[in-house]
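Line by line, the protein sequences give chains R and Y.
For reference, each letter of the first sequence is one residue, going 174 to 256 in our numbering.
For reference, each letter of the second sequence is one residue, going 28 to 179 in our numbering.
Rather than coming from a laboratory, the hints here were simulated on the basis of the structure.
Glycine included, each C-beta is placed from N, C-alpha and C at the ideal position.
Mixed in with the good hints there might be a few duds.
Covered by chain Y, per the in silico footprint, the following chain R stretches (three or more residues, Cβ under 8 Å) [stated by the list, open to error]:
id: 1; segment: 177–184
id: 2; segment: 241–253
Each computed EDC-like pair below joins lysine to aspartate or glutamate, with the alpha-carbon atoms no more than 20 Å apart [said to hold, decoys possible]:
id: 3; chain 1: Y; residue 1: K143; chain 2: Y; residue 2: E75
id: 4; chain 1: Y; residue 1: K151; chain 2: R; residue 2: D212
id: 5; chain 1: Y; residue 1: K143; chain 2: Y; residue 2: E117
id: 6; chain 1: Y; residue 1: K96; chain 2: Y; residue 2: E145
id: 7; chain 1: Y; residue 1: K151; chain 2: Y; residue 2: E165
id: 8; chain 1: Y; residue 1: K143; chain 2: Y; residue 2: D170
id: 9; chain 1: Y; residue 1: K151; chain 2: R; residue 2: E233
id: 10; chain 1: Y; residue 1: K151; chain 2: R; residue 2: D195
id: 11; chain 1: Y; residue 1: K96; chain 2: Y; residue 2: E152
id: 12; chain 1: Y; residue 1: K151; chain 2: R; residue 2: D204
id: 13; chain 1: Y; residue 1: K96; chain 2: Y; residue 2: D51
id: 14; chain 1: Y; residue 1: K143; chain 2: Y; residue 2: E65
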Amino acid sequence: MARILFLGRLADSAEASEWSVDLPQSTMAVDAIRALIGDRNPYLAEELGRATVRVAVNGELVLPGAVARQDDEIAFLPPVSGG
Amino acid sequence: MISVQSEPFDAAIELANLLREAGDAGAAVSFVGVVRGEGNEDGVTQLELQQYPGFTQGRIEQIASEARKRFGLEALTIIHRYGTLRVGEEIVFVAAAAAHRRAVFEAVDYLMDRLKTEAPFWKKEVRPSGSRWIEARESDVRDRQRWHEAQG
Chain R
174 MARILFLGRL
184 ADSAEASEWS
194 VDLPQSTMAV
204 DAIRALIGDR
214 NPYLAEELGR
224 ATVRVAVNGE
234 LVLPGAVARQ
244 DDEIAFLPPV
254 SGG
Chain Y
28 MISVQSEPFD
38 AAIELANLLR
48 EAGDAGAAVS
58 FVGVVRGEGN
68 EDGVTQLELQ
78 QYPGFTQGRI
88 EQIASEARKR
98 FGLEALTIIH
108 RYGTLRVGEE
118 IVFVAAAAAH
128 RRAVFEAVDY
138 LMDRLKTEAP
148 FWKKEVRPSG
158 SRWIEARESD
168 VRDRQRWHEA
178 QG
């Protein structure tokens, strides 16, 4: 199972701060994972699609085009509030 | 020493620890940030700060490393709390030691400008009327940018 984390305001739309998702393939592009989540939740689809939302895989920020694996932790980070 | 923690800290003890660590440094400065209330009926009663465990610490360590190099610091402590914090509670402690005072005044100012805009926290202000997620203020962003210009 992949752990999908929704930080900040994204958890409001996701209705949870974390989802466990069985990815349909053992390796998937992060963009495809984003689309899969968006299919389940149209509010999230819109928010996750914003350029200001960054993605981290296993705690490291990734560029568009990155991939993730079945047991990875994929976090969606909206713009930070700062300290 | 960089710590992201939910527990309160004791600024006096942390400054004393830093001074001990800094050995023969001639100057040290410390800063404490406190949750502000707004005094009116619908003022903020508490702040909820969310971190991303590991990630938040890592990013703050990176910022600290850049400050150490830029200002030639002998020692540096950053403590940032997360969780539910009430008005009047201390949120953040930044202290630096170096050979001379100009570097430490600037380093702590620099670090607060960077933390206010870049530290990976997500904050919710809780008021009697409800809660709302907040973003860095424009004045904080401008303050952060002046360090780009200063560097030239």
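Each hint tested on the structure:
Here's how the segment 177–184 of chain R fares: 4 of its residues keep a CB closer than 8 Å to some CB of chain Y, so the rule of at least three is met and the hint holds. Counting residues of the segment 241–253 of chain R whose beta carbon lies closer than 8 Å to any beta carbon of chain Y gives 5, which reaches the threshold of three, so the coverage claim holds. Restraint check: the Cα-Cα separation between Y:K143 and Y:E75 comes to about 15 Å, which is no more than 20 Å; the hinted pair holds. Between the alpha carbons of Y:K151 and R:D212 the distance comes to roughly 28 Å, so the proposed pair goes past 20 Å and is violated.
With a C-alpha separation of about 15 Å, the suggested pair Y:K143 and Y:E117 falls inside the 20 Å cut-off, and the hint holds. The straight-line distance between the Cα atoms of Y:K96 and Y:E145 is roughly 18 Å, inside the 20 Å bound, and the hint therefore holds. Simply put, Y:K151 and Y:E165 have alpha-carbon atoms about 17 Å apart, close enough for the 20 Å limit, and the pair holds. For the hint linking Y:K143 to Y:D170, the alpha-carbon distance of about 9 Å falls within 20 Å, and the restraint holds.
Distance restraint check for Y:K151 and R:E233: the Cα-Cα separation of roughly 24 Å exceeds the 20 Å cut-off, and the hinted pair is therefore not satisfied. A threshold of 20 Å between alpha carbons decides the hint, and for Y:K151 with R:D195 the separation of about 31 Å lies outside it, so the pair is violated. Straight-line distance between C-alpha atoms of Y:K96 and Y:E152 comes to about 35 Å, which puts the hinted pair past the 20 Å bound. For the proposed pair Y:K151 and R:D204, the alpha carbon gap of about 28 Å is over 20 Å, so the pair is violated.
The hinted pair formed by Y:K96 and Y:D51 meets the criterion: a straight-line CA distance of about 18 Å does not exceed 20 Å. Our distance criterion of 20 Å between C-alpha atoms is met by Y:K143 and Y:E65, whose separation comes to about 19 Å.
In summary, the structure is inconsistent with hints 4, 9, 10, 11 and 12 from the numbered list given earlier, while agreeing with the others.
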